[in-house]
Amino acid sequence: MKRSIASLFTLIGTAMLAAAKPNVVIIFMDDMGYGDLGCYGATKQKTPHLDRMAAEGMKLTSFYAAPVCSVSRAQLLTGCYGVRVDVPAVYGPGSGHGLNPKEVTIAERLKDLGYATMCIGKWHVGDQPEFLPTRQGFDGYFGIPYSNDMQLKSTATGQRVTPLLRDDKVAELLTDEQQRRIVERYTDEAVRFITANKDKPFFLYLPHTAIHTPIYPGEKFRGKSSNGRVGDWIEEVDWSTGRVLDTLRELKLAENTLVVFTSDNGPWLVKGADSGSSGPLRGGKGSTWEGGVRVPTLAWWPGKIAAGSSADAIAGTIDLLPTAVSIAGGTLPADPVIDGRDLSPLLLGKSKESPRGVHYYFSGYNLQAVRKGPWKLAIAPQNETMGRDALPDAKTREPRLYHLDREIGEKTNVAAQHPEVVKELASLGESIMAEIGGNKPAARRPAGKVAKPEYLYPAEGRRKPAKAPQPKPAKDAR
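Take the sequence shown: its position 477, counted from the start at 1, is 501 in the working numbering, and no numbers get skipped.
No lab work stands behind these hints: they were computed from the structure.
Just so you know, not all the hints are guaranteed correct.
[Claimed, not checked] Straight-line Cα separation of at most 30 Å, DSS-like style, residue types lysine-lysine; simulated pairs:
| no. | residue 1 | residue 2 |
| --- | --- | --- |
| 1 | K447 | K464 |
| 2 | K435 | K419 |
| 3 | K328 | K45 |
| 4 | K473 | K126 |
| 5 | K135 | K45 |
| 6 | K45 | K222 |
| 7 | K177 | K447 |
| 8 | K222 | K396 |
| 9 | K193 | K476 |
| 10 | K222 | K135 |
| 11 | K435 | K447 |
| 12 | K328 | K224 |
| 13 | K135 | K328 |
| 14 | K224 | K193 |
| 15 | K374 | K328 |
| 16 | K135 | K419 |
| 17 | K224 | K126 |
| 18 | K224 | K135 |
| 19 | K276 | K224 |
| 20 | K135 | K193 |
| 21 | K374 | K224 |
| 22 | K435 | K396 |
| 23 | K126 | K193 |
| 24 | K464 | K126 |
| 25 | K68 | K435 |
| 26 | K276 | K374 |
| 27 | K419 | K476 |
| 28 | K328 | K276 |
| 29 | K396 | K476 |
| 30 | K68 | K45 |
| 31 | K447 | K476 |
| 32 | K396 | K376 |
| 33 | K419 | K376 |
| 34 | K376 | K328 |
| 35 | K447 | K376 |
| 36 | K473 | K193 |
Work out the full structure: start from the sequences and follow the hints.
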């Protein structure tokens with residue numbers, strides 16, 4: 025009898041402990057711009073579920089990713105600037121490099137705290153078995169492991185396809201047209217995972233393939249928006265997010281779940297009608313202008329995050345790992361170093377200040393800009409977007425200073441009027457470059473490497489797998 029009573033108390037205690045740990049859901053868009061949601065000013069497509077999420081939670085207006093997708097994903101997973109963990113650019117299929125398995129990811133840290141973990145969607149930090157989600161702390165994986173435009177011609181079918189993985193195996197080879205159901209399928213998987221793990225803490229990482237080109241909205245959403253197929257796909261992702269949030273509500277999990285919706289970089293502007301929008305921001309994907317890296321971000325946790333709140337404090341993808349660990353009741357060791365900071369005081373209304381205060385804008389291994397408070401100092405030429413060179417006012421290597429609160433569009437250089445600000449931010453830039461940037465950094469950790477990489481499926485016209493990006497000559501580093 026005593027043993028039975030003790031066992032009962034143990035079970036009750038375990039259940040209470042599990043209930044005390046909040047679930048964490050991160051929905052990560054691909055190429056969605058700052059101006060693509062209704063709550064950020066969009067009018068050509070409707071996003072009622074995301075607008076409701078903003079009304080019930082917090083809108084972050086100075087939230088930063090990286091210029092390109094692999095880097096942003098590495099940042100989210102590790103809590104570090106991509107260059108610190110030697111992920112400076114985009115990985116192609118069959119690359120011999122990826123996120124080092126020795127890095128401790130957000131999934132591994134939450135798994136150690138008793139969480140079930142799942143990744144559904146685009147991975148893109150290495151497609152070799154050593155780099156896949158199930159080797160990086162996730163209990164399961166379902167998705168396209170890199171960008172949906174990285175098709176290869178299958179020797180089995182003769183068609184250009186992308187692989188759809190289940191855990192670490194290719195489950196299907198998708199033609200472009202078969203991508204039309206990818207948002208629906210990801211959403212179904214997400215709902216199944218949440219439902220299966222409703223009685224224990226879970227971490228769901230849902231990095232969508234949308235709205236990267238080629239754009240294939242589901243049949244129910246084709247022609248639905250007033251913004252072509254990119255608007256249609258945004259509306260489908262809005263539906264998907266609504267279904268995830270409704271599932272949490274129906275299962276009585278909403279008040280014990282932090283949901284963050286954000287994007288990996290700005291819109292790919294050279295895609296024209298297939299591009300999202302930067303809204304009032306300058307530049308797009310591939311650039312370190314605000315439009316390339318400042319992304320729409322919503323945080324939702326009913327009863328914890330104040331409804332209809334907003335925050336303009338500096339934050340970003342590197343802060344999600346320490347935030348998740350903190351709310352889960354964990355602590356981070358001093359080693360390895362991470363760059364992110366715990367955002368929970370900001371999200372929960374205990375502070376209006378950024379826990380970091382400074383943001384560094386890297387492009388590859390080199391620093392292009394530094395932000396502190398409202399000031400942004402550009403110290404290198406900045407392309408407008410991927411595939412579009414710098415405009416005349418951004419080609420100079422002379423420092424350019426912008427006051428983002430007064431002019432969010434980064435047009436007026438006020439460096440001459442504020443030499444003391446230029447000096448301060450330039451000094452911060454020199455310090456971070458010495459630490460993790462350029463050719464001879466003091467504290468960059470190595471990428472993962474595979475000696476003989478292979479494609480995930482037999483493909484015709486096999487090319488030599490892409491090499492990892494290399495640092496530019498020291499004279500180009502600042």
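Structure-based check of each hint:
no., hint, result
1, K447 x K464, "23 Å, holds"
2, K435 x K419, "13 Å, holds"
3, K328 x K45, "13 Å, holds"
4, K473 x K126, "11 Å, holds"
5, K135 x K45, "12 Å, holds"
6, K45 x K222, "12 Å, holds"
7, K177 x K447, "53 Å, violated"
8, K222 x K396, "41 Å, violated"
9, K193 x K476, "18 Å, holds"
10, K222 x K135, "16 Å, holds"
11, K435 x K447, "20 Å, holds"
12, K328 x K224, "19 Å, holds"
13, K135 x K328, "23 Å, holds"
14, K224 x K193, "27 Å, holds"
15, K374 x K328, "11 Å, holds"
16, K135 x K419, "46 Å, violated"
17, K224 x K126, "27 Å, holds"
18, K224 x K135, "12 Å, holds"
19, K276 x K224, "13 Å, holds"
20, K135 x K193, "22 Å, holds"
21, K374 x K224, "27 Å, holds"
22, K435 x K396, "18 Å, holds"
23, K126 x K193, "22 Å, holds"
24, K464 x K126, "22 Å, holds"
25, K68 x K435, "26 Å, holds"
26, K276 x K374, "26 Å, holds"
27, K419 x K476, "40 Å, violated"
28, K328 x K276, "15 Å, holds"
29, K396 x K476, "43 Å, violated"
30, K68 x K45, "39 Å, violated"
31, K447 x K476, "47 Å, violated"
32, K396 x K376, "15 Å, holds"
33, K419 x K376, "36 Å, violated"
34, K376 x K328, "15 Å, holds"
35, K447 x K376, "26 Å, holds"
36, K473 x K193, "20 Å, holds"
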